[in-house]
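Can you build the whole structure from these sequences, using the hints too?
Protein sequences, first through last, are from chains A and B.
Residue 37 in this note's numbering sits at position 37 of the first sequence, with consecutive numbering throughout.
Residue 14 in this note's numbering sits at position 14 of the second sequence, with consecutive numbering throughout.
Worth flagging that the hints you see were computed from the coordinates, not collected in a lab.
You can take every hint at face value.
Computed from the model, here is a short list of chain B residues facing chain A with C-beta under 10 Å: (1) Asn336; (2) Phe362; (3) Gly374; (4) Phe381; (5) Asn393; (6) Asp418; (7) Tyr421; (8) Ser423; (9) Gly430.
A virtual CB, placed ideally from N, CA and C, is assigned to each residue, including glycine.
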Amino acid sequence: MLRTASMIMIAGLLAATATPSAAESRKKPAKPVPAPLIAQACSGCHGQLGQGLKGTPRLSGYEKDAFARVWSEFRDNQRPAATIMPRIARGYSDTEVAVLANYFSSIRR
Amino acid sequence: MSDISRRNFGKFAIAGLSTLAAPSILQAKSGARLVIIGGGFGGASAARFARTNFPHIDVTVIEPQLTFVTCPYGNLLLAGARTLSDITHPYGVLKRRGVIFIHDWADAIEPDKKLVKLRSGKTVAYDKLIVSPGIGIKWGALPGYDQAAAQIFPHAWVPERGEQVLLLRKQLEALPDGGVVGFAIPGNPFRCPPGPYERISLVANYLKKHKPRAKILALDAKDAFSKQGLFQDAWNELYPGLIEWIPGSKDGKVVSIDTKEKVFQTEFGTRHKIDVGNVIPPQSAAKIAIDAGLTNETGFVPVNPYTFEATKAKDIHVIGDANIAGPMPKSGFIANSTSKQAVASAIALLEGREAPKDPIYFNTCYSHVGDDYGISVVGVFRPSEKGFVETPNSGGVSPRGPLAEKKTQRKLEAQYADAWYASITKDAFG
Ligand SMILES: Cc1cc2nc3c(=O)[nH]c(=O)nc-3n(C[C@H](O)[C@H](O)[C@H](O)COP(=O)(O)OP(=O)(O)OC[C@H]3O[C@@H](n4cnc5c(N)ncnc54)[C@H](O)[C@@H]3O)c2cc1C
Chain A
1 MLRTASMIMI
11 AGLLAATATP
21 SAAESRKKPA
31 KPVPAPLIAQ
41 ACSGCHGQLG
51 QGLKGTPRLS
61 GYEKDAFARV
71 WSEFRDNQRP
81 AATIMPRIAR
91 GYSDTEVAVL
101 ANYFSSIRR
Chain B
1 MSDISRRNFG
11 KFAIAGLSTL
21 AAPSILQAKS
31 GARLVIIGGG
41 FGGASAARFA
51 RTNFPHIDVT
61 VIEPQLTFVT
71 CPYGNLLLAG
81 ARTLSDITHP
91 YGVLKRRGVI
101 FIHDWADAIE
111 PDKKLVKLRS
121 GKTVAYDKLI
131 VSPGIGIKWG
141 ALPGYDQAAA
151 QIFPHAWVPE
161 RGEQVLLLRK
171 QLEALPDGGV
181 VGFAIPGNPF
191 RCPPGPYERI
201 SLVANYLKKH
211 KPRAKILALD
221 AKDAFSKQGL
231 FQDAWNELYP
241 GLIEWIPGSK
251 DGKVVSIDTK
261 EKVFQTEFGT
271 RHKIDVGNVI
281 PPQSAAKIAI
291 DAGLTNETGF
301 VPVNPYTFEA
311 TKAKDIHVIG
321 DANIAGPMPK
331 SGFIANSTSK
341 QAVASAIALL
351 EGREAPKDPI
361 YFNTCYSHVG
371 DDYGISVVGV
381 FRPSEKGFVE
391 TPNSGGVSPR
401 GPLAEKKTQR
411 KLEAQYADAW
421 YASITKDAFG
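Spelled out as structure tokens, the structure:
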């Protein structure tokens with residue numbers, strides 16, 4: 001149970017070659033860590049790897065173009081059912097949105 | 001299960017915004033010691049993030065408590081909607097992730113020798129120190145309010161083992177119907193700007209159901225507060241006539257506490273008789289930050305907004321409620337969000353690299369104000385040479401409006417607040 005959870009984290013954040021086990025990762029030096037720091041905040045509501053929980057939608061595996069489209073709809077208040085993302089979306093530049101879209105689309109569902 | 005596909009990896013690695021570390025350098029300096037004082041929102045988030053992303057670094061947390069009781073969601077305990085175990089988080093998962101815990105108090109820091117002295121007499125050496133000890137209560141700053149008085153009028157504003165929040169709950173249960181629940185609310189800055197008003201709302205929620213003739217008297221040193229319009233709309237709609245909020249300019253500032261007579265006395269001399277009282281006392285950074293000489297005249301710690309290194313000491317990075325980070329609030333989400341930049345910066349600097357560029361610090365504070373009724377405030381912040389800056393045109397509070405119109409929004413926000421709590425506590429302790 002715990003072991004699986006650790007492996008998910010490591011797989012998601014380290015994103016490199018083979019997935020090390022939790023125990024291995026403690027001994028071995030890190031692989032490159034490409035998860036953008038600006039995506040960290042999203043896990044405060046969407047779960048560690050954007051898997052979604054208790055009603056927040058899944059972000060992992062989100063198709064890149066759709067992500068950008070949804071984001072601009074949030075920014076422009078074109079999603080009337082949204083409770084909070086419009087206020088969040090307006091805080092990020094286009095470059096940052098592209099980085100977020102790249103990152104979340106690359107996480108396998 | 002979840003995994004990042006290797007095909008896409010290259011694409012986002014070149015995206016330019018700061019990702020984490022470079023592998024060759026990581027290999028060169030193995031076994032560096034990151035020591036963290038405090039295993040609360042800031043400290044636990046820092047430890048988990050460091051273990052997950054920099055597994056070559058030794059991570060040690062110094063924390064006296066064996067489990068962590070969150071202040072967030074403690075107000076729901078007052079309403080009877082959560083138990084102590086719902087808001088208690090063990091450190092077992094972090095320990096199994098390889099974080100070393102020393103359950104002791106840090107009593108002193110020697111920046112020159114890079115040592116932390118523990119209450120037990122032992123010392124712990126560090127290469128980089130993260131300090132996240134939260135707030136300290138300025139005992140005596142409000143005349144009549146000392147540790148003994150807190151057994152009569154609890155503050156329930158620091159986690160400890162949950163004793164204070166349980167005491168307040170017990171007192172509310174024992175309150176006679178028709179009694180007065182008093183709140184003494186301090187001036188800025190203090191931990192969790194919407195916290196007192198969420199607490200007022202949820203105590204009202206309890207009273208309305210169980211002591212319908214009881215009243216709340218909220219005495220505030222300030223004239224304005226976080227999410228004020230939204231809170232007051234909710235009070236009028238959900239708890240009409242139950243809550244009286246008195247701002248500082250109308251004699252709301254409590255200047256002394258009398259536990260014998262059970263009185264809160266305000267600035268212009270009014271003596272308010274209270275049956276159950278919650279005193280949210282004036283605050284500073286926790287004692288260890290003051291004793292280590294990290295604080296300035298405000299009682300909090302000035303830091304570099306890019307790295308969180310204390311202005312007054314090298315290699316000590318201070319996060320969470322102990323630092324000065326206005327206009328960012330003293331919140332669990334900010335402690336969590338900033339912990340990551342602080343850790344990534346501390347390790348980069350240790351290894352001779354630059355701190356990650358262009359960070360974003362993120363906050364959302366949800367508040368429950370009634371059953372199926374949640375509201376929120378969002379802030380997206382960035383560092384600058386002058387301090388922390390809120391990103392223009394972003395953030396802000398939930399839309400106002402009559403409950404009849406906003407019912408779905410309020411209900412969804414209550415549900416998303418629960419998602420936030422589950423998510424953020426997993427990100428820190430899981
Ligand atoms: C009623 C209430 C409701 C709140 N609701 C929310 C909310 O909904 N959302 C939100 O984001 N925030 C909320 N907050 C704010 C949140 O609790 C704090 O902002 C957060 O806990 C700050 O994290 P921290 O790491 O600075 O301090 P803490 O989380 O308080 O952690 C500090 C830790 O350091 C330890 N410590 C202290 N001194 C020493 C020492 N000398 N040696 C070793 N260890 C030490 C303590 O034991 C403690 O475990 C709320 C606060 C309150 C009071």
